[in-house]
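Student: With the hints as extra help, turn the sequences into a complete structure.
Numbering (numbering that gives the first Met the number 0), first residue to last: 0 to 169.
Simulated from the structure, these hints should not be mistaken for laboratory data.
Do not rely on the hints blindly, as some may be mistaken.
Pair ranges (Cβ atoms, derived) [as the list claims (entries may be wrong)]:
hint, residue 1, residue 2, range
1, Tyr40, Ile142, 34 to 40 angstroms
2, Lys65, Gly22, 23 to 29 angstroms
3, Lys87, Leu123, 23 to 29 angstroms
Under the rule of at most 30 angstroms between Cα atoms (straight-line distance), these lysine-lysine pairs were calculated in the DSBU-like manner [what the hints assert, rightly or not]:
hint, residue 1, residue 2
4, Lys132, Lys111
5, Lys87, Lys127
6, Lys127, Lys166
7, Lys168, Lys127
8, Lys87, Lys111
9, Lys111, Lys166
Bear in mind the structure is a predicted one, so any value in this text is a computation, not a measurement.
Built from N, CA and C at the ideal position, the CB exists for glycine as well.
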Amino acid sequence: MIRGIVTGVGGGVGQSIIKALQGTDYEVVGVDSEPLAAGLYATNLAYIGEYANHDSYIDRLLEIAKETGSKFIFPGHDVELFPIAKNKNVFLQNNIIPIVSNSTIIELCDNKYLTAQFLKDNDLAAPKTQLLKEVQQYEYPVIIKPCVGGARSKNTFYVDTEDDLFKYKK
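Tutor: Now the structure itself:
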């Protein structure tokens with residue numbers, strides 16, 4: 000049996016990774032920063048970790064991996080992708096394989112504008128996407144979203160008047 004960490008087990012992705020590994024030769028070590036995260040109670044081994052933006056996030060994951068003999072780590076929450084990818088070599092030096100894209104790809108995909116530009120540059124379909132500060136004239140309706148980060152529809156606005164646009168631009 001090969002043991003590995005799945006982080007963010009309180010969310011849908013982390014829990015789906017746990018389910019995908021059930022009945023395989025892999026034993027999951029569930030890790031989440033919230034003690035009531037559902038996935039912590041769906042694994043035989045569960046640990047409270049740090050939030051992805053905490054200074055000791057990576058150190059805590061390494062500590063858990065060493066204590067449990069984990070050989071891989073699956074980030075189960077999008078906010079964990081970049082710190083794990085950025086520290087890929089730290090994990091590899093400790094014989095732990097992070098199952099994550101490289102940090103350049105993660106940064107690209109986390110930026111909606113850069114992602115749309117990449118798709119356009121590679122002749123792939125993408126919605127018309129512009130930086131708000133660069134738009135001179137608007138064709139309503141428009142959707143305003145944070146360029147980087149965001150969670151689902153948080154801070155996303157449907158705008159169909161100039162008054163609304165002025166309000167949301169602030």
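Student: Compare the structure with each hint and give your call.
Tutor: Right, here's what the structure says about each hint:
1. Tyr40 - Ile142: 34 to 40 angstroms: 38 angstroms, holds
2. Lys65 - Gly22: 23 to 29 angstroms: At 27 angstroms between Cβs, range holds.
3. Lys87 - Leu123: 23 to 29 angstroms: With Cβ atoms ~27 angstroms apart, the hint holds.
4. Lys132 - Lys111: 15 angstroms, holds
5. Lys87 - Lys127: With a Cα-Cα distance of about 34 angstroms, the restraint between Lys87 and Lys127 is violated, given a limit of 30 angstroms.
6. Lys127 - Lys166: 22 angstroms, holds
7. Lys168 - Lys127: 18 angstroms, holds
8. Lys87 - Lys111: With Cα atoms ~24 angstroms apart, Lys87 and Lys111 stay inside 30 angstroms; holds.
9. Lys111 - Lys166: With a Cα-Cα distance of about 22 angstroms, the restraint between Lys111 and Lys166 holds, given a limit of 30 angstroms.
In the structure shown, a violation is registered for the earlier hint numbered 5 alone.
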